[in-house]
Amino acid sequence: MTLLDFVEGPLWYVASSVFLLGVVWRLAGILLAGRARDLSISRQSPIAGALKAVVLHSLPHGGNLKRTVYHFVSGYLFHLGLFALLLFAAPHVAFINKHMIALPWPAMPRWAFIIAAEAAFAGLILLYVRRLTDPVTRQLSDADDHIGTWLTFLAMLTGCLALQEAHTGLRVLHMLSVEALMIYFPFSRLMHAFTFVLARANTGATFGRRGFTP
Amino acid sequence: MTNEVSSVAQARPRPIDVQAAVEKLNALTGAHVASYLDACVHCGQCAQACHFHEVTRDPRHVPAMKLAPITKVYRRHKAPFAGLRRTLGLAPELSRQDLEDWEELIFDSCTMCGRCTVVCPMGIDIASVVAVSRQAFVAAGLGPADLLQAADNARDRGSPLGVTKAVLADRIEWLADEFEIPIALDRPQADVLLLISSIELMKYPHSVSAMAKLLNHAGVDWTLSTTGYESTNFGVLAGKADVAKILISRITEAAESLGAKTVIVPECGHAFGVLRWSGANILGRPLPYEVRHITEFLARCKRDGRLRFKSVDTSVTYHDPCQISRRGGATQDARYLLDGVASDFREMTPTGNYNWCCGGGGGVQAIGRAADLRHDVFRIKMRQVEETGANTMVSACSNCRLTMDESKAALGWDKELASLVEILAEHLEEDAPQAPDPAR
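These protein sequences, in sequence, are chains L and X. This note's numbering applies: residue 1 is where the first sequence begins, and numbers increase by one. This note's numbering applies: residue 1 is where the second sequence begins, and numbers increase by one.
So here's chain X without its partners, still in its complex pose (with noise of 0.2 Å):
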């Protein structure tokens, strides 16, 4: 019976508001993405630069496509000559059959990665037209499931994985415990906030410890809240814009309880790109303090003379997560915090600000209908790694660690994946004098 009703329940058409997509699109097309829509001469010279048109070859992966439903209602609404066009009948509306057939294109096959940008010859920023469009298809209820969840449980929860201040503050105390590592939660007057990602607590929360480690060991004056902890943004990743206000605004809110001057994002990389690069515009007004990637905060530290570490002894080659290096411009400070850390350090081809995607970015790692995608996508990063003869990737974004530990276990592959600042963390040189926190 049960699954007659599921079966029903999926032969069911799904009901698509197009009218809310068209309106929502209207709505966000500013001169920033007509410009866009009006440059696009269908070269596809981005198909070269897409990870998901590399492994499938697939002509529906150019990242092109993805322009098509909003081109489609600019060219109708709100284009020059668009009432000429509508007059014309050269301008049709877009369709409910578009919705459905472009849902995949807009979320599954698109990690906002930015590849595209760096190729077309226009400049087009693909990813950011994908993130308008995710709203509006969302507006017109489509979306995966899996995906809009998160953000539900995000907004409802405080985390996409379902950790509250209560599980929050009961893994701290574990942490601390287990690792015999001062962390602090919701300390009034701290300088320094410091989030952490879900996918961290649970599943690798021993970054979480390193991280505290390695601030304790610099002096940094630094605590977590209960108030804003969730570093991760689903709400944009899903489309839904009022979450990701809620989730920028519990950040601001704890920074300003605790009078924090400094915000660090934790290893994730669309964390940091949300936060650094379109916190304040989400939120209306320019945030209070400061925001650094860990990577960012700790060569800083380590600049400063206040973080000091020993070498590793294997070969190390490092995976760019794409917000944090070519999307976050915070490329460089990886790979200084690995100077003098990882003697045999072997950059991959291509690498830094033009490095290939892990293949779960943009909230596919959440979608579990990608998977078999994803593990795709993953065997660039395998070739590319065992081309340097590295026996350890490290990166520092706990979505791309997840990602490709996830599509390394469904490979069978046999190289060590690991996490930045866990291996500072390892190396610290904990004996060094330091020099003085020159913030404080």
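Bound conformation, chain L alone (with noise of 0.2 Å):
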């Protein structure tokens, strides 16, 4: 067995086994923590409020979108690229439709795959530059937040010095900095992937029944 034949097979198997029991098992923690009923008659809907919230904060709202640019923008940039890049690069394409299922969508063309690893480098970047100057961002973080990024950033950066296939090499280095990615990725921030969705939604049922989802 060669070490990408281990890569992208024990290694690649072990590392989604972890990703995904752990996103489970976190998702499971944070649900079965339980929740009180809310005993208060609602004015409205805290089903309607709980999806409204879930969609609302995903854009600048009650006019803070000029103090909140920076992150808005850079954050736009750097997920939309991301997702671009994870779901519809040509090797992604291949790998899925190789390991897993097959894909009902074309894989993107090169001039596509450069925009979209330029918007995600450049919203990274720009988030953590952000992250190591403000003074606000600079009190907040801790290791894990910058343990999230690099990982994130080496994943995207083997992935393009592999994207001509000319080297075996760096296809391996790409799916080990990917592999570790997502054996971190359920026990860090990086989970905010899913959790924003439960964060938004406790939110928006709490206040939706009141009569104005914030």
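It cannot be assumed that every hint is accurate.
[What the hints assert, rightly or not] Pair ranges (Cβ atoms, derived):
| # | chain 1 | residue 1 | chain 2 | residue 2 | range |
| --- | --- | --- | --- | --- | --- |
| 1 | X | Gly-162 | L | Trp-150 | 27 to 33 Å |
| 2 | L | Ser-58 | X | Asp-344 | 36 to 42 Å |
| 3 | L | Gly-9 | X | Arg-57 | 51 to 57 Å |
| 4 | L | Val-24 | X | Glu-387 | 47 to 53 Å |
| 5 | X | Ala-27 | L | Arg-138 | 31 to 37 Å |
| 6 | X | Gly-162 | L | Asp-142 | 45 to 51 Å |
| 7 | L | Leu-21 | X | Pro-350 | 40 to 46 Å |
| 8 | X | Gly-83 | L | Phe-6 | 26 to 32 Å |
| 9 | X | Ala-27 | L | Phe-95 | 45 to 51 Å |
| 10 | X | Arg-57 | L | Asp-5 | 52 to 58 Å |
No lab work stands behind these hints: they were computed from the structure. Every residue gets a Cβ at the ideal spot worked out from N, C-alpha and C, and that includes glycine.
Mind docking these for me? Both chains are given alone in their own frames, and the hints should help you get the complex.
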């Protein structure tokens, strides 16, 4: 078994299992922490409030765009770029088709890959520069924030290096960095990719029933 | 000698029961709080919405910082993988130093206004986590003495300002004589129980007579009760859940003994928020009456044609009490009441559900050592009002009013502050024909 076989075989399945089980365990842990029934008489539907909050907090609202434009632009650049790469990069589509399920969409062309990668890198770097330079985020940040950022950055960087598929070693490096990211993911703040729904929905349900979803 | 004793007492370390705080935080961390603690990405955008950060630019005043003590306990004890973290030494226990360092952030510099929730990309409601944290800090023996005393006064004497049943009866008798307005006290079988806040009764008594005048004119069958009269709930604000329950129980007992179908909360934001949205949960059963803020109730009377008003001849702007508007859902009622009364009405920017807090919500008004910080926060409101060019700022919360009156005096500001019910009572068309009360 070559190193590539190992990282695309056993190690991939280990990383995937840790990722999936870890995410489920963490989400279950939150949901099973229990919540008392709200006995107040609602003014409006809490379910509508929850759904509204999940959508609403994807966009700046309440007159806050000007104050949060940096995060808004860099956040969207990074996340849109990252998800475009994750789901539409040609090697990813091929890998998913081979190891998991047949995706019903084609891979994106090279020029789209370049744009997506540039957006993702620009967004991630802008967010990290902010984390390092703004007194507020500098104070809030801990090791988890830095490790999560660097693992993501490495996965993206090695992915770009491996794009040409000219060297097996680069593909191995990319797989290793992605697997490290997947194993780290459930234990870290990267889980916000899932927990954002719970937090937004909780707030939306609580305040939606009062008549205003903040 | 007294001074020496005092300084020795101050130098002595305070007894802090860290374990009690840990146990309280663990007990109060349900799915709701856990979802918040697991979602914060430390982006710091909440700083952009917090009035304390806005005026101090102190990075410690970023709302997300207030999550730190409970997050520490959660990660060590209750979070998924807590055992793994403990084994690897990655989850230190909450310390005495943490509690001391965070006391000011949890009490003095959070008005629980919820502005940070609006801006948070995760939608985290930090105010509700602060409310939980306050209970833990108090369990540990911490918390501002004056805020805690206010809660104890409410429990032991009937109100945070010491308005006992006897004081209530005296003040009501005086108000009824002074303003020549019938004010019912303990009238059996009344449809509506009106609460008062002791801030109104002791500092703004005209507010109480104004409510009486409006309710009488609208033909409402209402009364005050010596069994349950205080609307404010310093038990919630001071993190004393037992006191909070006693205060809700008193109101409920009063309403049940009268058979009142409706309880009206006067001009007090947090009193409305606590009774309307948390009262049943604190009591542990649904409230056997509907809860209405006075602006909601008067708006209904106006819609029914039972109240008509003359126009005010000055420019007016409206300060939204956070717990009535953003966190209470009754944003439009005050505006509906002012419509036609304030012919020159000017909105602040931002306003309504996105308003800036007065600086004294969440019990901060009662914390003496936070006064300078409150006054600094009020500068935001001053700037907002001046930008509108309005002469008078009206509000529907006596706690906001007291906070703003004190800051206005401290900063030498010259604009007028007014109560909504007082303006409405002054401009009531007393000769206008009345529609009957549809509820009777």
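Quick rundown of the hints versus the structure:
1. Gly-162/X with Trp-150/L: 27 to 33 Å: 59 Å Cβ-Cβ, so the 27 to 33 Å window is violated.
2. Ser-58/L with Asp-344/X: 36 to 42 Å: 39 Å, holds
3. Gly-9/L with Arg-57/X: 51 to 57 Å: 54 Å, holds
4. Val-24/L with Glu-387/X: 47 to 53 Å: Because 51 Å falls inside the window, the suggested range holds.
5. Ala-27/X with Arg-138/L: 31 to 37 Å: Between Ala-27/X and Arg-138/L, where Cβ atoms are some 33 Å apart, the hint holds.
6. Gly-162/X with Asp-142/L: 45 to 51 Å: 46 Å, holds
7. Leu-21/L with Pro-350/X: 40 to 46 Å: 45 Å, holds
8. Gly-83/X with Phe-6/L: 26 to 32 Å: 30 Å, holds
9. Ala-27/X with Phe-95/L: 45 to 51 Å: Given about 47 Å between the Cβ atoms, the range holds.
10. Arg-57/X with Asp-5/L: 52 to 58 Å: 56 Å, holds
Of the numbered hints given earlier, the model fails hint 1 alone.
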